[in-house]
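Engineer: Chain residues, written in single-letter form:
Number of protein chains: 2
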Amino acid sequence: MLETEIKIAEILCVGTELLLGDIVNTNAAFMSQRLAEMGIPVYRQTVVGDNPERLKSALAAAFGHADAVFLSGGLGPTCDDLTKETVADYFGLDMHLDGHTLEKIRRYFADTGREMPENNIKQAMIPEGAVIFENDWGTAPAMAVEDKKSGKTAVLLPGVPIEMTTLWRERVHPYLCRRSGAVIVSRNVHILGMGESTVEEHLRTMMSEWKNPTVAPYCKEGEVRVRVSARACCRGEAEGMCDEAIKKIRATEVGRFIYGIDVGSVENALLCRLRAEERTLAVAESCTGGLIAKRLTDIPGCSDAFLGGCVTYCNDAKMKLLGVRAETLEAHTAVSAETAAEMARGVRTALGADIGLATTGYAGPGGGTPEEPVGTVYIAISTADGERVRRLSMSPLRSREYIRYSAATQAMSLGLPIPDIDVTQSNGGKKS
Amino acid sequence: MLETEIKIAEILCVGTELLLGDIVNTNAAFMSQRLAEMGIPVYRQTVVGDNPERLKSALAAAFGHADAVFLSGGLGPTCDDLTKETVADYFGLDMHLDGHTLEKIRRYFADTGREMPENNIKQAMIPEGAVIFENDWGTAPAMAVEDKKSGKTAVLLPGVPIEMTTLWRERVHPYLCRRSGAVIVSRNVHILGMGESTVEEHLRTMMSEWKNPTVAPYCKEGEVRVRVSARACCRGEAEGMCDEAIKKIRATEVGRFIYGIDVGSVENALLCRLRAEERTLAVAESCTGGLIAKRLTDIPGCSDAFLGGCVTYCNDAKMKLLGVRAETLEAHTAVSAETAAEMARGVRTALGADIGLATTGYAGPGGGTPEEPVGTVYIAISTADGERVRRLSMSPLRSREYIRYSAATQAMSLGLPIPDIDVTQSNGGKKS
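Protein chains in written order, with our numbering: chain A, 6 to 437; chain B, 6 to 437.
Bear in mind the hints are in silico, worked out from the structure with no lab data behind them. Among the hints, erroneous ones may be present.
Since the list can't tell identical chains apart, any single copy or any two copies may satisfy a pair.
[As the list claims (entries may be wrong)] Here are the simulated lysine to aspartate or glutamate pairs, EDC-like style, with alpha carbons at most 16 Å apart:
1) K216 <-> E249
2) K153 <-> E8
3) K109 <-> E123
4) K225 <-> D27
5) K225 <-> E22
Just chain A, same shape as in the assembly (with noise of 0.2 Å):
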């Protein structure tokens, strides 16, 4: 292994698929992200179809700044996968068969009941010399083939993402860690009721003088995501620089904003505080319209404190589903407070959970009043205690995707325990 550190990056995926429009390039956001936490610049993403001379190009012009390629695609087992062999090509390498990696392939075969087809045996030829990252997830065999003399690495990954992705995690993060004699660890801060300036504001300092550990923004759908990285010797010295740098973010303004560290999503932030707390989640939608519960379903496993709902999307439904009384509706209509409440504390009786969550609203384009514009979303939340209920109040040039998420994610919050406090309006300019 060489054991230079990687100073710049360039991205390569290949396949025609991509060039085609097919399928999205979710891979090159995937590396350029890990690359970016762990302080490697990537100058540029490129994207080649399955044709050997394009791909020679691509290669020798991204190593014309790049010490590292980071490439994806055209590791399977037919011959229009070539990108094994043109990196060998690139750097004059032969490629040997490799028992270790065939036998393994021969195994995950035998393991799914099939028989291996004779052309996999093509994917168990691997550069001389290269670093394999052993795929216990698919049959492409991942590796880093380095070149001694120039001190130029290509890293070859697999196209499927979540073979990628799982490569990259288990595989390629620690050779680079161990590339650079360092480890690297990563947190997620999960800020919400905050704007993305706003946080800026507050960790300036961290954000523009700090280099060991740094601290990044990313702006997500309406939520703030700080990116906490630390670099030291060992695991557990980074982890430690990570935790004090998170106990300074905790002790700006942001603090109270925060819902979570590495949770991934409210709604795994709000099913692990519900599994805590042995408490069970009813959810009543209008205008998000299945989408709480679609994502508290995305999540396995949800069923220990998520226990349904109904989606409402017609009157009738909310008086007969959730008993909202035909006064409510008349009186104040069916985007209301107390519409909203009803509906919290219907389903939750319906069902028989501890909590309830409600929402409804004008999602657009169509629909809304004077009054209550498009982007108008009630949410609330019914316990034991009585209801609470917040009115959003969204841009109505926003999307009907960006409201409906926004406020299912809004609603979420309401079960964890960070402040009522509504900065959709102040967004309403912003790029979505």
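Assemble chain B onto chain A, guided by the hints.
Structural biologist: The following block gives chain B in isolation, referenced to the frame of chain A:
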């Protein structure tokens, strides 16, 4: 305007946020797909940061092969935004202030009740001779910068996806048609219940031999789309050619699996059909957990036909909300044809809908039994005529996300006039 046809294209996306992996590059996929439809091959997609030197060298590299480069991003009002300036510099063109564009930008701000900041004037600076694509959906003007000497063209579009895609449809597509002296019309044929390879088998001749119209399949989350594109001197003729091709596709075995033309999605096809028949729908979801309701309510105006539904993630909810009998759950378990049928009937009755749909199954990764492993989902439809149930067996190796999405799609397809043939098993080994 240049009157030469574009033979080879490259795509060049500009934005440091792409290189940091903060956003996924959907623009490249969109542009590639649109160009493929028009028969213009894309040789490479490249992403560079907001760095004029690297942008200029990427531009030079792209024009090394391509006669047109499609750029997105870097047209904003800040000093980081340098795409326009770099392209003008590359072609050796001066920039001038375009009065009409400036007026449009001023009006855009006025219409949203804001004053135009001074730095937005920058957005009205245009390279000399550029073909301006008026932007009615934002402030960044899009344009084609044509180099008369070399015959090369740079098409500049903003980076915000909704603005970019709208401008493409309304301005760039017609421009490209004018350039090629032809009108290109595309139609999407939506197919469900027949696997991609079988579709390809039946349409092989059309796909490989037809040059105009072209016929190309796209596999998308468990369903197949066939895109028919025709080029002619006027729209009517191109449309006629598409219609003729679709008639031929309908005449093959594929025909009876077609659920719509240009209908967007199964959920939209179902809503259109319900509206046409003035019927209403309610859904009961266990393993799909709100996903069907979410997908239906993604569509504005769905409330004409969609009344609502229940997410019954636990047995108790199935009994309380849908009236599923305890004996049924005990004798057959929650994942059974009997439970699915009672759920569909229950939700139809509870909401007074014409049609009830239901799902219950094991989405994984945990759960399942030897007889009913992960990937087993029962889907049911209930009408006044009674219930109909189908058992889906997807590969247990499929992701939870895939199993849920595909089950939701197939459940909705029960309301469409296509045959009940389960092809999910045979897709088990495909890339997801």
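Engineer: If the cut is 16 Å between Cα atoms, do K153 and E8 qualify within a copy, between copies, both or neither?
Structural biologist: within (10 Å within a copy, 51 Å between copies)
Engineer: Taking 16 Å as the upper bound on the Cα-Cα distance, should K109 and E123 be classified as within, between, both, or neither?
Structural biologist: within (14 Å within a copy, 63 Å between copies)
Engineer: I want to check one pair: K225 and D27. Are their C-alpha atoms no more than 16 Å apart within a copy, between two copies, both, or neither?
Structural biologist: Answer is between: at 8 Å across copies they meet the 16 Å cutoff, but 25 Å inside does not.
Engineer: First find the shortest C-alpha distance between K225 and E22 inside one copy, then the shortest across copies, and answer within, between, both or neither for a cut-off of 16 Å.
Structural biologist: Answer is between; shortest inter-copy Cα gap is 12 Å, intra-copy 27 Å.
Engineer: Please work out whether the CA atoms of K216 and E249 approach to 16 Å or closer within one copy, between two copies, in both situations, or in neither?
Structural biologist: Classified as within; 14 Å inside a copy, 64 Å across copies.
Consistency note: the structure conflicts with none of the earlier hints.
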